[in-house]
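2 protein chains.
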Amino acid sequence: MDPQEILSLCKRRGFLWPAYDIYGGVAGLYDYGPLGAALKNNIEDHWRQLFVLEEGFLEIACPVVAPEPVFKASGHLDAFSDIYVECTKCGETYRADHLAAGLHENPATLKEAELGKLLRDNGVVCEACKGELTAPRRFNLMFKTSIGAGKAKTGYLRPETAQGMFVNFSQLYRHGREKLPVGVVQLGKAFRNEISPRQGLLRLREFHLMEAELFVHPEQKTWPRFKDVKHQKVPLVPNAAEPVTISLGDAVSKKIIANETLAYFMWTTWKYAVDIGMDPKRMRFRQHLKDEMAHYASDCWDLESELSIGWTELVGVADRGSYDLQSHIDHSQADLTAFERFDEPKEVEQEVLRPKFDALGKLFKGDTKKIADELAKQSPSSARGKKEISVTVDGKQVKVPSSCYEIIVKKEKVSGRKLVPHVIEPSYGVDRMLYAVLEHSYDKKDDYVVLRLKGMVAPIKAGVFPLMARDGLDDIASEICSALAKAGLAAYYDDGGSIGRRYARMDEVGTPCCVTVDYDTKADGTVTVRDRDTTQQIRVKKENAAKAVALMVNNGGLESLKGL
Amino acid sequence: MDPQEILSLCKRRGFLWPAYDIYGGVAGLYDYGPLGAALKNNIEDHWRQLFVLEEGFLEIACPVVAPEPVFKASGHLDAFSDIYVECTKCGETYRADHLAAGLHENPATLKEAELGKLLRDNGVVCEACKGELTAPRRFNLMFKTSIGAGKAKTGYLRPETAQGMFVNFSQLYRHGREKLPVGVVQLGKAFRNEISPRQGLLRLREFHLMEAELFVHPEQKTWPRFKDVKHQKVPLVPNAAEPVTISLGDAVSKKIIANETLAYFMWTTWKYAVDIGMDPKRMRFRQHLKDEMAHYASDCWDLESELSIGWTELVGVADRGSYDLQSHIDHSQADLTAFERFDEPKEVEQEVLRPKFDALGKLFKGDTKKIADELAKQSPSSARGKKEISVTVDGKQVKVPSSCYEIIVKKEKVSGRKLVPHVIEPSYGVDRMLYAVLEHSYDKKDDYVVLRLKGMVAPIKAGVFPLMARDGLDDIASEICSALAKAGLAAYYDDGGSIGRRYARMDEVGTPCCVTVDYDTKADGTVTVRDRDTTQQIRVKKENAAKAVALMVNNGGLESLKGL
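Just so you know, the sequences run in chain order A and B.
1 is the number of the first residue of the first sequence in the numbering used here; add one for each residue after it.
1 is the number of the first residue of the second sequence in the numbering used here; add one for each residue after it.
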């Protein structure tokens, strides 16, 4: 199938189109038109229904602009980059590893100098004008900006929504009443200042994510509801074995998938993708290769979908360990831990910092008590071997020399311990899923296109047609449209052209059913409801039109309308 | 009422809090926590229901990053700025006009030099450290970034969502099948790099808008459904008369409000605000003062709400004339017009550019035909008196001297005319509306806080409590939670503390009702439903719990549950 066909349909019928077209456009930026925005809203709403309402995750919404320290801690400032070359003649930019495709077995692993040599040795020039290329340079893929006037703060547009959830862990843990697991989600825009985006919706500079972060006890990765799904079979492509279609229960017990929680959310992901209309025969989970996985991740699976350009990653489901929280703890000194209460208090030997009040008193006079309190909270390991440590008193940093405290071992009854939770992260690319849904729904016979969208995601739930735009048929059709709208069902009124042409217009954009008002409606008060997929029709009372459309949207089929 | 009380509730209970707190925060950036994000979603969803489903506006979703030419045309690049001063000692920045408050009757109208003199003459120094201030400088309030590597394009984060709709007018006009009026909406983030934001949710650097652009025929600003609302009375503060509470019909006929369309959408705005829970006694429409209104606007009204800090603008409803489209036409040369078909063709005299083929042929040889075709499309008025005009042929600009064409008058039968639509724009600040809803819902007796949120916007629709977390009561409560979730109703399970305390926790966050499972539930299968506002209770069958909660959410009250 030709992806151009879909993109042309998308543009013509108002799903999406390149943004800022009247000013020449910007590669990697797309607008969602009226049908695309509705489709996207529906895709996101169903995800909310699943994760927030049914699984109980907490939804938050953070700004997309974030200050630099967040991305220093997350690693994006140092490592979120690609290498590019620029044409010295026409200024066109290229990803160096893309130009080196075919010249090396894995050009993405090469450094700037190696790539430069490879391109030079192979005489690679500008694809557009054959001009000479610059030496490869590294480019950070975050959009940079400054916050405020004067001595501005450096800020970046977030490359993912996840960091907003990590930095807020304490708030969220408290909100969840200090219990693990606590699940959090965020839906929203993310940004990646691609060097040279050329793949339509699959590689955008501004895109939409739906991300879930499940904070769990590091040693408790079983999942109570796993028993309900462990018989479900999914096709897996493990990184160290042959592809296999296997039940999730077996995959966990054979250690193909690292733990139950990961497997449970792989199933949630699978189910969600099928719900919104992807074809399960064109889906699989591929495990990240060992060298592809982040060093801290203990396991990671991508939901891939077979598209016209090949197997494409849509969702990543990863066990990220404690990496993210630990890194923010290290960089911010904030306490992003959970507290595990023991069944009964334990006696433990513990090192603590003991303030020496004499020495403190001489140096700090009236602040002695406050400083001593702060000292007692410091971790002995961070003080060991240092000449002084810093504490914050009344908002000010105070340096306390080591003569003012000692490290002692204390026996204590403790009721529990602090721990840094692990994170299981399902991360969904909305634009890619939307595109996959379009490809998997696209059905063409001769020149007749039917988009077989699931009713739940279809942008228009029903076309409403008066057979003729006169004799009051148009008024009845308008009333039905209003009734549908009141019931939250998007309707499209159309009185132009033959009924056949009107059906075709709705089929092409995936509308699951059409309601037609004809002269019988005036006689007996019934309207026809036509099913997009069977093209069969049934008559229902006009006052039941909204009920009928709601049933069709929930995949009831015409059967379910009998008696309405 | 003390706004700190609300902000403290918001933070404690997870509505919202300052963003990036663990890294010291960034002024003007807030996170929506689990309750705030849900409240915001509900506020937006109801707006969509009203504008998209019921009024038939088309929703689109554009990127927030946009290239510079968009904002050159919109005027933001030149005029979207404030004047600031910086402390030479501590680096703190201030809006110069804010520092000059009280020293001049309207400091916002002053230029840099005037403000500098005023501050100097009055010995104004840094509020934080008494340091000396720099001279005032102008600061553009758009966040700036660059798009792409190498020779990057300058981009900005959009300061409003409106431009995305203007630049897409042609696409949207076609999508609406080339008829006026066509209404478009966009919901999403917008950005304003404030110099020194200090007003919580009322002045954010990153905020949320819901904007509608209604493109209308310039001479047709009546509105068919105005007849349904013209008897509705609203309090108006006109810019040239005394405040008055008057019907919209009278306001239009007395020319207080410029036209029916504007008045109709003022009513839509009023109704929406009341729907989501604002207090109509603390609302009014204030007309922009003559010098406050944009020069191109023919009328503009703000919906204002009385908050603890005084009357505050939440929504602007403006007739912006043809300014926006005309400006993009001028800057992009794109054809952003609508076509008005005459009832029957008219004979008109029209000036046209006629190419002189002899002269053209000598200069342009083989390109003559192409250039002549382009010349014929040019507007005679733009060519008059010029020595040459530019046309674009095969993507290249060609300069054609005036000897190659003449301006003649031609009689023609024309079937219609092109016109630049006018724009009626209702623009809603989501964060401000959310804050106003919180203030207007806040009810405190002694120390007991009840947030009287409308069920429709409440983040949690029902608390679900087992009287005791044992004897199977907890299992029944969990089942009820699941049933509510499946029905799309956010439920909160709580088995901690006394029932009274659990009610209090739900009252404080605006949950309209609570469902309690007690020992009678095991005996007769009924549960209690408690109404937040009356604190009365009624028993319903446990399998009807979702139905009961849905009725309570739609403001049915306990009366409506009888018989369930």
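Treat the hints with care, since some could be wrong.
Pairs involving identical chains hold if they fit within one copy or between any two copies, as the list cannot separate such chains.
Stated by the list, open to error - Straight-line distance between alpha carbons at most 35 Å, and here's what the computed DSBU-like set of lysine-lysine pairs gives:
id: 1; residue 1: K522; residue 2: K89
id: 2; residue 1: K444; residue 2: K179
id: 3; residue 1: K454; residue 2: K230
id: 4; residue 1: K111; residue 2: K346
id: 5; residue 1: K230; residue 2: K486
id: 6; residue 1: K227; residue 2: K179
id: 7; residue 1: K281; residue 2: K413
id: 8; residue 1: K411; residue 2: K233
id: 9; residue 1: K399; residue 2: K11
For the record, the hints were derived by calculation from the structure and aren't laboratory data.
Going through the hints against the structure:
For the identical chains of this complex, K522 and K89 are neighbours neither inside a copy (72 Å) nor across copies (81 Å), given an alpha-carbon limit of 35 Å. In the homo-oligomer, the alpha carbons of K444 and K179 lie at most 35 Å apart only across protomers (30 Å), although the nearest pairing inside one protomer, at 52 Å, exceeds that limit. Proximity of K454 to K230 under the C-alpha cut-off of 35 Å is restricted to the intra-copy arrangement: shortest distance 26 Å within a copy versus 41 Å between copies. Proximity of K111 to K346 under the C-alpha cut-off of 35 Å is found in neither arrangement, the shortest distances being 52 Å within a copy and 70 Å between copies.
Only between protomers do K230 and K486 lie at most 35 Å apart by alpha-carbon distance; the minimum there is 22 Å, versus 41 Å within a single protomer. In this assembly of identical chains, K227 and K179 lie within 35 Å of each other by CA distance solely inside one copy; the values are 22 Å within and 56 Å between copies. In this homomeric assembly, K281 and K413 never come within 35 Å of each other (Cα to Cα): the closest approach is 57 Å inside a single copy and 59 Å across copies. In this assembly of identical chains, the alpha carbons of K411 and K233 never lie at most 35 Å apart, being 51 Å within a copy and 75 Å across copies at closest.
Only between protomers do K399 and K11 lie at most 35 Å apart by alpha-carbon distance; the minimum there is 32 Å, versus 63 Å within a single protomer.
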